[in-house]
Amino acid sequence: MTGPAVLIERVSKSYGDVRALVDVSVDVPQGACVALVGESGSGKTTLLRCINRLVAFDAGRIAVFGTDVLHSEPVALRRAIGYVPQDGGLLPHWRVRRNVALVPWLDGAADATARAERAMAAVGLEPAMAERWPHELSGGQQQRAAVARAVAGGQSLVLLDEPFGALDAIARSDLQAMMIGLRETAALTLVLVTHDLHEAFRLATHVVVMRAGRVEQQAPPAAIRATPATPYVSALLARAGVEAA
Amino acid sequence: MRRLLAAIGGAALLLPNGTAQPAQAQAAGRPVVVASKPFGESYLLAEMFAQLLESRGIAVERRPGLGATEVAFAALESGAIDVYPEYTGTGLLALLHAPPMHDAAAVFDTVQRAFEQRWGIRWLPPLGFENTYAIAVRAATAGQYRLRTLSDLKAAAPKLTAGFTPDFIGRPDGLPGLAHAYGLHFAAVRPLSQALKYRALAAGKVDIVDGYSTDGSIARYGLVVLDDDRHFFPPYQAAALVGARLQRENPAAVTVLTELSGRLSAGVMRALNQRVEIGGESVAAVAASALSSLGLTKGARTVTAQPEARGSGFVAYLWQRRGALWNDTLRHLLLVAVPLVAGMLAGVPLALWLERRRSAAEPVIRAVGLLQTIPSIALLAIMIPLLGVGVWPALVALWLYSLYPIVRGTYTAVRDADPSAVAAGRALGMTSAQILRWVRTPLAAPGIMAGIRTAAVIDVGTATLAAFIGAGGLGEPIATGLALNDTRLILSGAIPAAVLALLVDAVLAAVEWWTTPEPLRAAARERAGER
Chain R
0 MTGPAVLIER
10 VSKSYGDVRA
20 LVDVSVDVPQ
30 GACVALVGES
40 GSGKTTLLRC
50 INRLVAFDAG
60 RIAVFGTDVL
70 HSEPVALRRA
80 IGYVPQDGGL
90 LPHWRVRRNV
100 ALVPWLDGAA
110 DATARAERAM
120 AAVGLEPAMA
130 ERWPHELSGG
140 QQQRAAVARA
150 VAGGQSLVLL
160 DEPFGALDAI
170 ARSDLQAMMI
180 GLRETAALTL
190 VLVTHDLHEA
200 FRLATHVVVM
210 RAGRVEQQAP
220 PAAIRATPAT
230 PYVSALLARA
240 GVEAA
Chain S
0 MRRLLAAIGG
10 AALLLPNGTA
20 QPAQAQAAGR
30 PVVVASKPFG
40 ESYLLAEMFA
50 QLLESRGIAV
60 ERRPGLGATE
70 VAFAALESGA
80 IDVYPEYTGT
90 GLLALLHAPP
100 MHDAAAVFDT
110 VQRAFEQRWG
120 IRWLPPLGFE
130 NTYAIAVRAA
140 TAGQYRLRTL
150 SDLKAAAPKL
160 TAGFTPDFIG
170 RPDGLPGLAH
180 AYGLHFAAVR
190 PLSQALKYRA
200 LAAGKVDIVD
210 GYSTDGSIAR
220 YGLVVLDDDR
230 HFFPPYQAAA
240 LVGARLQREN
250 PAAVTVLTEL
260 SGRLSAGVMR
270 ALNQRVEIGG
280 ESVAAVAASA
290 LSSLGLTKGA
300 RTVTAQPEAR
310 GSGFVAYLWQ
320 RRGALWNDTL
330 RHLLLVAVPL
340 VAGMLAGVPL
350 ALWLERRRSA
360 AEPVIRAVGL
370 LQTIPSIALL
380 AIMIPLLGVG
390 VWPALVALWL
400 YSLYPIVRGT
410 YTAVRDADPS
420 AVAAGRALGM
430 TSAQILRWVR
440 TPLAAPGIMA
450 GIRTAAVIDV
460 GTATLAAFIG
470 AGGLGEPIAT
480 GLALNDTRLI
490 LSGAIPAAVL
500 ALLVDAVLAA
510 VEWWTTPEPL
520 RAAARERAGE
530 R
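From first to last, the protein sequence lines are chains R and S.
Quick note on numbering that gives the first Met the number 0: the first sequence kicks off at 0 and runs consecutively.
Quick note on numbering that gives the first Met the number 0: the second sequence kicks off at 0 and runs consecutively.
Simulated from the structure, these hints should not be mistaken for laboratory data.
Please note that a few of the clues may not be correct.
[Said to hold, decoys possible] Chain R is nowhere near these chain S residues, computed Cβ spacing over 12 Å in every case: (1) V59; (2) L149; (3) A187; (4) G294; (5) W352; (6) R414; (7) S419; (8) V421; (9) L427; (10) W437; (11) P441; (12) T486; (13) L519.
[Stated by the list, open to error] Some chain S residues judged to face chain R by a derived CB distance under 7 Å, without partners named: (14) A97; (15) P98; (16) G279; (17) P418; (18) A423; (19) T430; (20) A432.
Built from N, CA and C at the ideal position, the CB exists for glycine as well.
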């Protein structure tokens, strides 16, 4: 199957009078890394959370690997899609191995622990970390564990909600490098929400610039740098210090 | 669920026989339930009733020390007890809420007719003495202010501190009426318990107290009782109050009880009270000798007196009481453990359910909280018409008290469990039930246990009051000791109760540690250290 991993068509979402998403359409090709960027309140996180139905959208259609998400049972849908929250969201009362094994364990996989250990290796976590409690890990190690948990069930699509935002510069750079490698070796499709344009330009194959619930521009990073579609995009690039190509 | 049923079943097995069904017992062989209110004279009269019945071959069950007038009367009305000693003035004012009357015969006539008509309850002919309120001062105070009558008190009252029982302070036939009738304005009025007021008076902490005219302590402390020269207090003739069921089922027992009518003069009663309250003789021994000297029993029953009781050391005293103490402790543990376990079985699932229906949570929890605001004696009294007297109403009342801290603690802890862990669980495909089971509940464990520990502390404390509705436990020696002015008896209940409270809390602290997920223990320890 070669269709898009995620197809978002004219999706809208309002919270009361506030229009969080207005007619948003985005294509996420298989194997791509699509970065949703924009300021706070631009709707990027809301859009991300519509994909695995953490947010119920009002109108439009989202398909994941060709299947309308509204035809999927939400719990099954979420287990099929990896998810990495900003703060890691590791369960503090479970050791790292058990945290990473969460999804295969929920699915009743007999080899849940082995899968967790493979996933930990894939994100560069030493085996000794498996026995630790989450609070005994550094911030970077916690995010690696969160990424491992997101792929341990064999997910090929992973949603990342500002995954490295709380890390120091060095740890963030290490994690970004790890993500680039993991995407290639594990053939992952990524949808990444970030407010950091540098991160978006480093990781993404496609960048979606959002503003007030609408898509301002979506294009490969080079194209955005070369030809910003609107003055807003130009200004955003300038403010972030991203040089035009 | 099977474990739950087993636990409840096990708890039921622990209950002693005979207390289980207060309402529908075996009609013919049913023992006559003789009760008293919680003060010395009432204990003594009830014991005399009991021994008199036993001497005629009638089986008796004793329920001494029931709460106060309302508790004892509610028990009589519901058929949970058959007879207890009461006073006509109390019947007139506290139970009928009728205006005061001053002629003894008229009061008896009024209560007899009204009780028969309203409740089918019968006043047997009076025992022969009156025990009215006695306003007493130290002899020195009487000398200093030249006090002989209550009228003399008007001028001195603004310089005197009064120590009155809460009951007396509130009743219209108590302080409010008295102050109005004699124009009294005291410098201060302190509420004092029945057991403490004479000691407070003797020690000079207060200057004037309310007592009963037959109290042994009046002679013991050489107090002066002020004459009620305007006849404010109505006559309080003592009499046996007999429930409807006993009259119907066992008229012979009622006939036996009337043998005491008219046989006890005020002087005789005061002397008997002194033997118990000051002489330290046991209630059973004094009752036996009184019946024997009245010629009502043949004196065959000899009760070994315990004259050494107040002389020897406290440890020896506890050793001597070890059997009773052990039983009281076991009963107390039952009174704490069963309601607490039942409170957990009901409260934790209720809170977990509410966590998933949050709009219902606050109203439900507030309704449960309302139970907490009912004073414990009142809640115990409310249980009597429903469940009689004894262990069951106490268990239910204590269970109700345990609910609020458990429900509130569990709900809050589960609701507020680490939001990012909960959100991650949901985003990765845990169902609501799985989040509750694997995330919220373990993370909430310390908060849940805090609620349970609060409930346990409340139950240990309130369980001592359960003695007032005949549930036994360590409150029994406390209540009896208070009534009989026996400090060592009080301490023999109070000290084990305090030790028990500490033990229960220590055990639950260990359970809390054990149920708290390991990585959260350090945080819990820090919180404990901050406290």
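Honestly, which of those hints from before does the structure not fit?
-> 7, 8, 9, 10, 11, 13, 14, 15, 16, 17, 20
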